[in-house]
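Visitor: Below are the chains, spelled out letter by letter.
There are 4 protein chains.
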Amino acid sequence: MTAADSGRIRDELREIRRAFHRYPEPAWCEFVTTARVVDSVERIGVDEVRYGPDVTDPDSRLSVPAEERLDEWFRRAEDHGVRADVLERMRGGHTGAVAVLERGDGPVVALRVDVDALSVTESDDPSHRPAAEGFRSTNDGVMHACGHDGHATIGLGVLEAVAESDFAGTFKVLFQPAEEVAGGAKALAAGGQVDDVDHLLAVHLGLDRPTGTVVAGVVKPLAIRRFVATFSGTPAHAAKNPEAGDNAIQAAVSAASDLYAVPRHGDGATRVNVGHVDGGAPAHTNVVADRAAFEAEVRGEDTDLMEYMFEECATVIRTAAERHGCDVDIAVTGEAPRADSDAATAEHVERAARAHPGVTTTIPSADFGASEDATFLMRRVNENGGNAAYAVVGTDHPGGHHTPTFDVDERSLELAVDVLADAVLRLGESR
Amino acid sequence: MTAADSGRIRDELREIRRAFHRYPEPAWCEFVTTARVVDSVERIGVDEVRYGPDVTDPDSRLSVPAEERLDEWFRRAEDHGVRADVLERMRGGHTGAVAVLERGDGPVVALRVDVDALSVTESDDPSHRPAAEGFRSTNDGVMHACGHDGHATIGLGVLEAVAESDFAGTFKVLFQPAEEVAGGAKALAAGGQVDDVDHLLAVHLGLDRPTGTVVAGVVKPLAIRRFVATFSGTPAHAAKNPEAGDNAIQAAVSAASDLYAVPRHGDGATRVNVGHVDGGAPAHTNVVADRAAFEAEVRGEDTDLMEYMFEECATVIRTAAERHGCDVDIAVTGEAPRADSDAATAEHVERAARAHPGVTTTIPSADFGASEDATFLMRRVNENGGNAAYAVVGTDHPGGHHTPTFDVDERSLELAVDVLADAVLRLGESR
Amino acid sequence: MTAADSGRIRDELREIRRAFHRYPEPAWCEFVTTARVVDSVERIGVDEVRYGPDVTDPDSRLSVPAEERLDEWFRRAEDHGVRADVLERMRGGHTGAVAVLERGDGPVVALRVDVDALSVTESDDPSHRPAAEGFRSTNDGVMHACGHDGHATIGLGVLEAVAESDFAGTFKVLFQPAEEVAGGAKALAAGGQVDDVDHLLAVHLGLDRPTGTVVAGVVKPLAIRRFVATFSGTPAHAAKNPEAGDNAIQAAVSAASDLYAVPRHGDGATRVNVGHVDGGAPAHTNVVADRAAFEAEVRGEDTDLMEYMFEECATVIRTAAERHGCDVDIAVTGEAPRADSDAATAEHVERAARAHPGVTTTIPSADFGASEDATFLMRRVNENGGNAAYAVVGTDHPGGHHTPTFDVDERSLELAVDVLADAVLRLGESR
Amino acid sequence: MTAADSGRIRDELREIRRAFHRYPEPAWCEFVTTARVVDSVERIGVDEVRYGPDVTDPDSRLSVPAEERLDEWFRRAEDHGVRADVLERMRGGHTGAVAVLERGDGPVVALRVDVDALSVTESDDPSHRPAAEGFRSTNDGVMHACGHDGHATIGLGVLEAVAESDFAGTFKVLFQPAEEVAGGAKALAAGGQVDDVDHLLAVHLGLDRPTGTVVAGVVKPLAIRRFVATFSGTPAHAAKNPEAGDNAIQAAVSAASDLYAVPRHGDGATRVNVGHVDGGAPAHTNVVADRAAFEAEVRGEDTDLMEYMFEECATVIRTAAERHGCDVDIAVTGEAPRADSDAATAEHVERAARAHPGVTTTIPSADFGASEDATFLMRRVNENGGNAAYAVVGTDHPGGHHTPTFDVDERSLELAVDVLADAVLRLGESR
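Residue numbers (this note's numbering), protein chains in the order written: chain A, 15 to 445; chain B, 15 to 445; chain C, 15 to 445; chain D, 15 to 445.
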């Protein structure tokens, strides 16, 4: 990240974002990413920077990869050459960081950005700017295909701007790991990082909004829970004594099929999907399989509806296992409740947006449609009497989110930094 | 295979078998194995030895691996250092060999042995003789765990014995590839290798019979067909527009579940099993999957019953795909019809066994229980007016077939060679 | 209906309603009910009264009972002693009537009321007023358990009120048969009865609103379609040759189970339910059944969503039949599209309600929640450039709709007549 | 039964059979039938005749109809005019009778015949002899469509023949009720009726064998169990709050569908079938049903295999109920174990058949194919050290068993009486 060495963050947003883009890391493996964030934060100068096991509650982390995979990315980070002291504290997947500015008496304001990447192989087509301009992913099969490279950059930019302002109070930037698996925010909340927050902002680039558009506060995200159901049975020869087997594949496919038949709910929208199934062993058609698993998700228009779906699915899975004499384990791998932006909080974002000459369209509120684990942080803030808003800063993106040709319009980085820093200052004066 | 260099096959059966055991190759990749067979056959001296595309009809081969995998095993064979001319003819998976002795006027007698290995990782426990005595598999993850190393050895031994005898007629040994996937015998039959055969013998070691026991002719193998069903749908976002997807996982799990519900048949036993299922992508719970597949098998007490099961399963699969708007492809990967040993033919084996001092128990006929693709050859011989018998030569085996500790009692090799050679001579005189 | 003989409808509302209540008739069997309506309408004096095949398009009627059942209710009506000329025209289930007042130049205003009863056995508990006061159903197993006895009464009352007013234009009252099966309104629309209507009102009593409450215009009824799927297969002996059967029960239960698994839709709420299933024959466990059927319904937040559900269900049913070698017939037995009350039209009802001293609560608009086939008429009016509103007049009802103790607060009859007549006059002046 | 009044049974076989045929009674309602049997038995003269609750253990009776139905058939019997004392003892469905001849020292030999009829409406086609000759069923919807009218007649004929012979020992005839529902033999065995029997014979007419053929001892009947599964859930409005329901139809159809998917068993043939399903209420598509039931049967090549199927089905049903929050009751309505004819016992029948001039074909042994609850009696005899055989006496039958045109060739009645009486005498001398 040599570019950032030379001076202020705001002047180097493009270079910083490209450096993040070039080295994407998956959930709980954001070792290099976090180390760079810590580096930049220290350069900006803050009162405290937290990283390692203090940031996220270790036991609340969801979808932490197997140790082997964590080790592989850790070694890769070592080879890449980041600060050893920072890296060492993250061993075992304790990624993410929190930067804190203490500026006297005043409210506690926080900005949450997420920093992880996706399992997508980035396009190498010359029409794809990162490929053409040399900042395509150098980690095969992993890609910043949802703009979190930009989010991390914006987090640093806003931190710098607030640090340089006359903001009075406390300002935090939360660099959250593992959003894509809906696995990080719960742990960040459980780690106590927002317990003192009066005003929380979260931000996302794009989401089909063009450069120049700002949505001040999104509402109605779907509550979500992801889980893996793993069935264990008893193998048997499929021709000689099929009755001796406890067929894990039969249990799993029967359950997977029945999940879709959970009754609709009169109170609102629900969703269920099985996105991955895997059982038995290739070519072993003559074996009654003793292992099968699937990954699924449920959603609901609100948290109760999601819980309804989860309970029903758990019953489907449990009874299917019982019917086939199998044991089953249901492991939650990700989740996010429903939380809506607070109108008053969003209004500060809206005013900041309207005040910015680069913003052509300001939308006070819009439906989210999808899910986001920032809602864990928003609810925690709400529970403690604070308020929260989730803003979208539009950006022209040629490919869709999560696709190999996703990219952001880098002009939106400065715009986002300016609008959010302004909103933070307005929130700082709000009580 | 230096051991065989020194002299007669019959004196080196143990060493030959161990050489095969040390270098197991999977179906259609038996490059080194076949080259060694050809080498030994030529040393014995025959009138003709066939290998390469002439042996098996290329289009009738089932479960031929992907080109990449064939190439990998081919290169491995090149590195291993076998005869280049023989190897070159097998490029593309044209493995297996047929040796022919022309000894004047008389019937055409054939012996079929199979030569492929399994995807099993061999035990390295000191109590496992191949590990203790240094002939454990050198190809990781592949193992002669069903005795085909012994079968190939026996084939060579019987060929030598008949060559040295006063047998009058034609004698062939068929070294068949790809039995474990039920993929080779159909192609061998389609290749015309048994069209002129009057008496066919096939042999298997072990099958839970101890050393000293011979079953002259097994009957009632189950007819079998193995297949892969691959469903192709349309992806969609599982929360935003699930209705837009054509859910390949839902189609596959629904079909896999329903296969087991194909009605029983009044005419006899049937079987069905799904041994492997795989759909969607890990962690992609939010995607309506556009691809899912499973591998299954059907069996029947006779060929018609197997065909009944296959037709019913095909209907289940096709209608499940149709219901979910998916395309589906059903590819047969292995099969074997029902064929029973001919009593008169088996009687020659029985007499040979009774005449051998090492044989303590002779069983005229027994049920097979499982499936074997030698039945393709037996039926072809029957169709042309010939007869066939499938013999079992017992061998003490510490671990079960297809397990990491399978091994044969090498004393049974000589016994098998003697009994089968005697049976061949008796058959040669039988008309 | 001797009470009504003596004078004005408005003075006899209670008696008229009780007469209807005492003689409930199911869908398309409203012979006595229609004859009484015609009688009263003629007594009021109108320019035209239509009944018989002219009212509903015969081929668009849904859920018409079997001829035998129609005949039975027809004979019962003959025995009951209604006018033979009126009755004769209704033979075959051509029930329902339309009364028309021609009062010079002005808009065409229509009021739709429904007149059929339900298959519910009325409570004979003394706490149930109809039982206590002697007007309990005399037709065993059939009951006015949804207030249509009141609706028919209100239709007569409003007709009289408008006839006595200085209303200028055309006023029609549509006495619709077969609402409970969602089978009458489609035929009334197809019969052309609302083609010339500028303003259509429909009305329902109760729906959990107390006496004194009026909802001026309900919105968001769920679109609905009801259907019967009948599977025909081939019988076989379940032990001797199960494979020879085409199992209609297996097809039906598999389809019924899978209907619930039709994917949720991203655009809004959907519903599906199987409410009745019947297959095979009692005690015949040894027969592969050749007949099975179920009755189901689908709903959607709008008509397209209902159509989506129906198409998906039809595919489920068709492919399940195909899988089991059965034929299947899907017969639609009832339906209703989505149609919302027009705000301007509802405002006239709202004003009339606010002007009435007995109305304590006026609600401009509320969600319907359930389904109603009046929407067929509303859409037809909309298609021709007219407007429509569906009003609810609250009534205290001790038991829930469709239960044996349902009853209406008869004070709400007069209130409904007054408010609706006032609304008709306001609509008459509205252009 | 006036015909029988005039003299010997053997001279009136045709008339007696026709009298039974004219008045068929279903399982446990054989009031008139039993009373007639008792009457004839007393006329023949025996040492003991048992009827009423002493014959079958009341609690072991399966498929006893509801009290209302028992009462209806009881009253019908009263109206028909049979002996009041006999009838009174059978009140509550204690039908069936046992006649005992004590003839000094010697073995205990027994003959079992069954006497119940089926729920079939008899043909009134003139080509159907009972219709043409005036002895068609006078009980609408009930018919002797499986020859039990003949069996009862044969039982009387053999009793008379043995009574008139010099047989030494004890001879019993068991007139068993409720065979068609597999509900009577278990209770007869539990009632101790065969506890002292050394040699048991059972007989069936027809079974696709022509007049003149006798099968001495059938083997390999399938063990069977019939049951009803009744699911109880919670009703709910299918549109307003489907999630509030516990859907009994969904539970039942899911279970019914899954029953067919119980794995095949390596030890032999199994069967399963759902022959009747019934849930919810007609036209109530908008109700989540709170009740659904199905009737099913399982069979096995032997009793253990049947038990395996039953246990698996019970698990399917129980887990399906649990998945949908329903209660479920599984009630066994009929059953029969496997029992094979004893070869030595059958040989006596064979010899008797060969000695009879009317017998053209004698078959020592044949597979049964279907199920029969006589096996309960055969097993009880075996358990006590006795032997049993089940014979078939062929008869030309125009229509198939259980069809409206079934009839027997009455010449086979005399043949059966003669052969069985002869076999009884031979068995009497056999030790």
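Take these hints with a grain of salt, some might be off.
Heads up, the list lumps identical chains together, so a pair's fine if it works in one copy or across two of them.
[Said to hold, decoys possible] Listed below are the simulated EDC-like cross-link pairs for lysine to aspartate or glutamate, each with C-alpha atoms no more than 20 Å apart in a straight line: (1) Lys-234 with Asp-281; (2) Lys-234 with Glu-315; (3) Lys-254 with Asp-316; (4) Lys-234 with Glu-321; (5) Lys-254 with Glu-82; (6) Lys-254 with Asp-138.
The hints are simulated quantities; they were obtained by calculation from the structure and are not laboratory data. Predicted model, so just to flag it, every value in this text is computed and none were measured.
Visitor: Run every hint past the structure and note whether it holds.
Guide: To see whether the hints hold, each was checked on the structure:
no., hint, in the structure
1, Lys-234 with Asp-281, "both (14 Å within a copy, 14 Å between copies)"
2, Lys-234 with Glu-315, "both (7 Å within a copy, 18 Å between copies)"
3, Lys-254 with Asp-316, "between (50 Å within a copy, 15 Å between copies)"
4, Lys-234 with Glu-321, "within (16 Å within a copy, 26 Å between copies)"
5, Lys-254 with Glu-82, "neither (39 Å within a copy, 35 Å between copies)"
6, Lys-254 with Asp-138, "neither (52 Å within a copy, 29 Å between copies)"
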